[in-house]
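Peer 1: Letter by letter, the chains look like this.
2 protein chains.
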Amino acid sequence: MKKKNAEEMVLEIKDKSELMVDLAYSSILYDNKTIAKEVYELENFIDALYHNLQKDTLEEVKKGKLSVDDALTLMKLAQAGEQIADAAQEIADVELRDVELHPIIKMSIRESDVVFTKVQVESKSILCGKTLGQLKLASETGMLVIAMRHKDRWLYGPNKKTRINSGDILFAKGPEDGEKHLINLATGKTNEI
Amino acid sequence: MKKKNAEEMVLEIKDKSELMVDLAYSSILYDNKTIAKEVYELENFIDALYHNLQKDTLEEVKKGKLSVDDALTLMKLAQAGEQIADAAQEIADVELRDVELHPIIKMSIRESDVVFTKVQVESKSILCGKTLGQLKLASETGMLVIAMRHKDRWLYGPNKKTRINSGDILFAKGPEDGEKHLINLATGKTNEI
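Protein sequences, first through last, are from chains A and B.
Taking my numbering, the leading residue of the first sequence gets 592, the next gets one more, and so forth.
Taking my numbering, the leading residue of the second sequence gets 592, the next gets one more, and so forth.
Hints in this document: simulated from the structure, not taken from any laboratory.
Worth double-checking, as some hints may not be accurate.
Some, not all, of what chain B presents toward chain A, calculated at C-beta under 7 angstroms [unchecked claim]:
| hint | residue |
| --- | --- |
| 1 | Glu603 |
| 2 | Asp606 |
| 3 | Asp622 |
| 4 | Asn623 |
| 5 | Ala678 |
| 6 | Ile682 |
| 7 | Asp689 |
| 8 | Val690 |
| 9 | Pro694 |
| 10 | Ser730 |
| 11 | Asp768 |
| 12 | Gly769 |
As the structure is a computational prediction, the values presented were derived from the model and not from experiment.
The beta-carbon is built from N, C-alpha and C at its ideal position, and this holds for glycine as well.
Using the sequences plus the hints, can you model the full thing?
Peer 2: In structure tokens:
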């Protein structure tokens, strides 16, 4: 695997930390400890990445390949991402505490501008057999798939090449109108993407 | 104004802190100190809200209106939001540091799964005179408007009732396909939402 440069690492910390926050809220809403545990895994991954980034940045500064100002910017951005990842872990902790969550608290998370949803893809759905890239779900419905379960296998932060199959369970977030659209597509009530 | 209850405060901290992160990245990408300063304003707001939440939660526990478990959950969720708001401030700091940002660093933020965009609405655009609620921009294009400038007035985290006018500058985030669609709509290249 090609060694990642500092900018790529910062980007990865940014994207992963934001995914972690979404996964953590989803885990609470759907009382899903598997997702909550994944947030813990990702936090370890972010910690390692952050360590590598700091080391590489210092080495590049030493070699004169990176200015002090640029190094400071990269470190500050990475640190912010690391802090967001920590916050995500705090949220996942709520799910892992094994305390029944009050319905009003769940409702209050759910009533955000951006809602979380979970839907199973039925065999008659137009989504079956297509990749997220082909479907352009995010731009056509506003719904971003943050995780999915295919049989016993989980996939977190799927990409354009990820294929949706009948029976898959999608965890997504987006605007309320988008939620209805995604549910109708997944259940086969509409074929219009 | 109706006094907010603890759940509503937690929801507000959640939504505002996530908006702050988006605003902070936008401020860096578009070298916009006005937006970066707004992140600072919002951080003060979040701090006050967090303080009120803690106080109210403790009082409700004392009165027996809230269980210790529920109070702990609310406090943990609010704390995570507060931590995300702090991280957003760190990101905004990068913009306010008055150091020219390296293009590669900007590009790396921009190349995320979710892109940030900025576009001015032209007079021939179908968006003119309509509210965000009417347009359903978020579900139809995947693009979430996080801030807009109307003449000299700024609006952060617009809602469904926010009306778009000719000349407004929209700051939005969403998938890459959605960006093209939004730009085409704002510049009048297409009328199909």
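Peer 1: For every hint, state whether the structure bears it out.
Peer 2: Evaluation of the provided hints:
Checking B:Glu603 against chain A: minimum C-beta separation of about 10 angstroms lies over 7 angstroms; hint violated. For B:Asp606, the interface hint holds, the least distance from its beta-carbon to any beta-carbon of chain A being 5 angstroms, beneath 7 angstroms. Taking 7 angstroms as the C-beta cut-off, the interface hint given for B:Asp622 is violated, the closest approach to chain A being about 13 angstroms. The beta carbon of B:Asn623 comes no nearer than 16 angstroms to any beta carbon in chain A, farther than 7 angstroms, and the hint placing it at the interface is violated.
For B:Ala678, the shortest C-beta to C-beta distance to chain A is roughly 4 angstroms, which falls under 7 angstroms, so the interface hint holds. The criterion of a C-beta within 7 angstroms of any C-beta in chain A is met by B:Ile682, whose closest approach is roughly 5 angstroms, and the hint holds. With its C-beta approaching chain A no nearer than about 10 angstroms, B:Asp689 sits outside the 7 angstroms limit, and its interface hint is violated. For the restraint placing B:Val690 at the interface with chain A, the shortest Cβ-Cβ distance is roughly 5 angstroms, inside the 7 angstroms limit, so the hint holds.
At about 10 angstroms, the closest approach between the beta carbon of B:Pro694 and any beta carbon in chain A exceeds 7 angstroms, and the interface hint on this residue is violated. A cut of 7 angstroms between beta carbons decides the hint on B:Ser730: the least distance to chain A is about 4 angstroms, and the hint holds. With 7 angstroms as the threshold, the beta carbon of B:Asp768 comes within range of chain A, its nearest partner Cβ sitting at about 4 angstroms, so the hint holds. Annotation: interface hint on B:Gly769 holds; nearest CB of chain A at approximately 4 angstroms, less than 7 angstroms.
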